[in-house]
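Colleague: Following the hints, complete the assembly by docking chain G onto the known chain D.
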Amino acid sequence: MLLTIEKVTKQFPGTPPLVVLHEIDLAVEKGEFVALVGPSGAGKTTLLNVVSTLDRPSAGTVRIAGTDVHHLRQKRLNRFRNRNLGFIFQDDLLLSHLTALENVMLPGRIARDPQSRTRRAARELLDRVGLSDRLDHRPGQLSGGQRQRVNLARALVNQPALLLADEPTARLDQATGHGIVELLTELNEQLGVTILMVTHDHNVAASARRVVEFLDGRIASDRRKEG
Amino acid sequence: MPYEIHLAYRNLVQHPWQTAAMVFGLTLAVIVMVYIPSTMASFYDDMIDRTIEQNSPHVTVWPREKQAGWMAETLRGELGADPIVVLTDRTDPRKHNINGYHELTRRIAEAPGVVAAASFVSGDATVTHAGVDLGITVEGIEPSQYGRVVTFAKHFADGHPPDLGPSDVAIGFRLAEKLRVHEGQQVRLATARTNRQVRVKAIFRSGYYNKDLHHAYVALPTAQRLFQTGNEISGLAVRCVDLHDAVPVSQALRARISQKVRNWRDDSAALLAEIAMVQRVTLFINVLVALVASVGMANVFSMFVLNRQKELAILRAVGSSKASLRVILQLEAFFIWIVGTVLGFTAVLAVMAYEQSNPYQVSAETYGIGSYATKPKELAFLAALALGALTMAGSAWWSGRRAARLDPIEVIFGR
Numbered sequence: 001m002l003l004t005i006e007k008v009t010k011q012f013p014g015t016p017p018l019v020v021l022h023e024i025d026l027a028v029e030k031g032e033f034v035a036l037v038g039p040s041g042a043g044k045t046t047l048l049n050v051v052s053t054l055d056r057p058s059a060g061t062v063r064i065a066g067t068d069v070h071h072l073r074q075k076r077l078n079r080f081r082n083r084n085l086g087f088i089f090q091d092d093l094l095l096s097h098l099t100a101l102e103n104v105m106l107p108g109r110i111a112r113d114p115q116s117r118t119r120r121a122a123r124e125l126l127d128r129v130g131l132s133d134r135l136d137h138r139p140g141q142l143s144g145g146q147r148q149r150v151n152l153a154r155a156l157v158n159q160p161a162l163l164l165a166d167e168p169t170a171r172l173d174q175a176t177g178h179g180i181v182e183l184l185t186e187l188n189e190q191l192g193v194t195i196l197m198v199t200h201d202h203n204v205a206a207s208a209r210r211v212v213e214f215l216d217g218r219i220a221s222d223r224r225k226e227g
Numbered sequence: 228m229p230y231e232i233h234l235a236y237r238n239l240v241q242h243p244w245q246t247a248a249m250v251f252g253l254t255l256a257v258i259v260m261v262y263i264p265s266t267m268a269s270f271y272d273d274m275i276d277r278t279i280e281q282n283s284p285h286v287t288v289w290p291r292e293k294q295a296g297w298m299a300e301t302l303r304g305e306l307g308a309d310p311i312v313v314l315t316d317r318t319d320p321r322k323h324n325i326n327g328y329h330e331l332t333r334r335i336a337e338a339p340g341v342v343a344a345a346s347f348v349s350g351d352a353t354v355t356h357a358g359v360d361l362g363i364t365v366e367g368i369e370p371s372q373y374g375r376v377v378t379f380a381k382h383f384a385d386g387h388p389p390d391l392g393p394s395d396v397a398i399g400f401r402l403a404e405k406l407r408v409h410e411g412q413q414v415r416l417a418t419a420r421t422n423r424q425v426r427v428k429a430i431f432r433s434g435y436y437n438k439d440l441h442h443a444y445v446a447l448p449t450a451q452r453l454f455q456t457g458n459e460i461s462g463l464a465v466r467c468v469d470l471h472d473a474v475p476v477s478q479a480l481r482a483r484i485s486q487k488v489r490n491w492r493d494d495s496a497a498l499l500a501e502i503a504m505v506q507r508v509t510l511f512i513n514v515l516v517a518l519v520a521s522v523g524m525a526n527v528f529s530m531f532v533l534n535r536q537k538e539l540a541i542l543r544a545v546g547s548s549k550a551s552l553r554v555i556l557q558l559e560a561f562f563i564w565i566v567g568t569v570l571g572f573t574a575v576l577a578v579m580a581y582e583q584s585n586p587y588q589v590s591a592e593t594y595g596i597g598s599y600a601t602k603p604k605e606l607a608f609l610a611a612l613a614l615g616a617l618t619m620a621g622s623a624w625w626s627g628r629r630a631a632r633l634d635p636i637e638v639i640f641g642r
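Residue numbers (the working numbering), protein chains in the order written: chain D, 1 to 227; chain G, 228 to 642.
This is chain G alone, in the form it adopts within the complex:
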């Protein structure tokens, strides 16, 4: 074994408190550097997964609405009277729907980047049971077709979307709790046009607060009858090959069809802006933590080396080269980096494993999701690994440079 390794090892072992302090410092820095961004990224991913992947289509095609038809007319009164401006709403008061949607569905499904498209009818309704009335959104779907667009099958107890008959409804568990209703019981759905008694066929848990409290699925024809849309639909839900391709896919669809096309980014713009802001703040804090940790580590390591000037001078006196001194310090830094990083990773993985079985509870009303657990993010691990390596390599380089410049005469004889 080269004597440099032997000396580096002995130095660290001989100074257990200083070594432990450096390892502990690096371990803490690694934990912070991995945990904070992983938590933020997991929270973001969880929100995207539960609000978009499981509960919303990537792209939605809505009927193209006419321009709002406010018409201004100036009526001149009798001579001497002031003119009167009258604004008339000429917009068609009837809700516009999509007709001939089978052909449209086929055209959309064939578009590049599109996996599947499913028709839906949606509208506002009131659900009533045991004297409790609640306003909800009723969505009429063809479950198996819709399941190819939105991965909502896992929301149901048996892992399959229910086969909804003409008088069936599936409601969220929070809504069921509010209504004090169980599967098999009857509830009344009322829209502005009609109402009907339906049976609760299934109760789902979407993990998304609003959906669990304010959403109900019925069969597509049932919704068409409830909202009296005839053979028309409210829109088409579209799934892209990749969630993040929703923007280019929606742009391509806008060029292909004459309907209004919106993607999940358009619909979640406010939420995404908030998340982006939180991520920027987190990144800033993380950079600060990293800087403080790096400077602290470099300082402690430099002091560690500075206190051993005499030893380094002896080594120079008995023939050690400057390069050997640098190697000794680099090896010490390497040992500290390895041990600190391994301990940090182990600790952070242990915390994440604990969180998987005991997820964080967050305000479902605020964030839409009720709980989440931090998942390991490769990038955060790589960043911590790289930062630790850079810090320790920098510390070793700086200290090695100073050690190489030591004048043995000055150190040994104090000249």
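So that you can see chain D by itself, here it is in the shape it has in the complex:
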């Protein structure tokens, strides 16, 4: 298993405490494309944040490629996140003062990989997402869809074990959103990238091979597509 989630609970302080995730168990194999669906407040984004290591569970464990990530020291956790996890958020979280190419190179540079190799990988990825002619454009000079594609390229530049996508099409029009979903499917099918995607859009979820439905902080259903 690439990702194993065991008895993960997340609660926020309050009177009474707000329990967002109730002892979630979930396992994702390498190469899977999993969509987490459910209404707002169901706990899907919280789970994604816990898996991304940006947030900690109140209880339970998260193993990625066999590593119990929440027991790593901060320095190793940073390195682990940088090396093994790629992120796409619903907002295009790009650094406004860097070009598209520089934004995509960023995880590689943080990893202290040789610049030439990172640059080559970034160029190839931008080419793959159809932005080979926008390398030197700043985020402000790109459309919403183009920015999300830069995000996608950045998420993949370090060849992560797991790609985490949080509502990647939420801020895009239908056609552009569809293009992003097609790209994710293509990456999953052709490169074998493991994807865990949060969406409330059942049409988007339909492109995933497995759909896990959340309701009130619990898994309501877990369906795999046939074939």
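Be aware that one or more of the hints could be misleading.
[Claimed, not checked] Example chain G residues on the side facing chain D (calculated, C-beta under 10 angstroms, incomplete): (1) Q241; (2) R507; (3) E538.
Just so you know, the hints here were simulated from the structure itself, not pulled from any lab data. Bear in mind that the values here come from a model prediction, so they are computed numbers and not experimental data. Note that CB positions come from ideal geometry on N, CA and C, so glycine has one too.
Modeller: Relative to the frame of chain D, chain G by itself:
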């Protein structure tokens, strides 16, 4: 190139107005911090140089005067009359001078910390020319000997003290202007005892207002004749190895000789007290300026960082360590410090260079000196350098601490 440098550079370039505001703020602070103390120190040094180094001895040996001899006598009158108290001044009315001064000069010159000693005779006189009378101090000196004690050679046009003959006098340029007299012309010097016609051999510019208006040099024997002191002198001028050693040297001389010894600090006590007060006020103002500038800079820098919370959160999300974030902010602060300090130093040096050719004009009657120019003071530069470094390092540390505590989830998702 590490990505931290790249990001720090890009951040600054991408926000030109904020960067320029911070650099400009630091530049201004550096200018104020260097210029004000340098001006004060230059003014002080100039005054000390012109009033002490060039125009007064470090230490002066005067004849030991007798205690004032006021004697009270009670005279009883006739029976029934009130007693009468009579005060009689028993002080020797004759001016006391130093006799046998050659031996004394030798003993003083041999004292530790003493470079040279020179005898002089001085007294009040009136100088007259073309119907103008002015009260002055006449100083009788042996020019070459006196020149080893007081660096007054540069006051003369040819850079050498004049060779004064028995009927020669050297006067200040302000006095010459008042008397409307030129070199080679005759003036009359009159003391309480005698008078004589002398020729203006040289006109000097001491840079010290009082000296240029109220002072004249004659040869030592000429002064002795004018003041009828015989072979005696009024005192001995002493030069120390270091101006600031004048106090211990004068203390040592007091223990060695039986004459009255005064140093330049005793003679300039009131002036030094005034300068010290002005320096304290200046220091206070400078500390205030430094504090305001530091707090302002730290504030602007913090705001600069605060506005980039999302960017810092993204960096954390993609794997940047807290230490890397701190390094980025420290590098930004370092760039601002370097550029602001270099610009500040350049500006202040340019102003000082301009002042060297266009010195400040000040009231000569008030300050003794007519003009001065600010000279660079290493300590002020070092203080500005250190304060800038501390301010920017502190700002970066504080902002870095806050950046490291950022919760990416909170910033990115607004939870």
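Colleague: Compare the structure with each hint and give your call.
Modeller: Consistency of the hints with the structure:
Hint status for Q241 of chain G relative to chain D: holds, with the closest Cβ pair at about 3 angstroms, below 10 angstroms. Taken as an interface hint, R507 of chain G does not check out: its beta carbon lies about 48 angstroms from the nearest beta carbon of chain D, beyond 10 angstroms. Nearest Cβ of chain D to the Cβ of E538 of chain G: about 6 angstroms, under the 10 angstroms cut. The hint holds.
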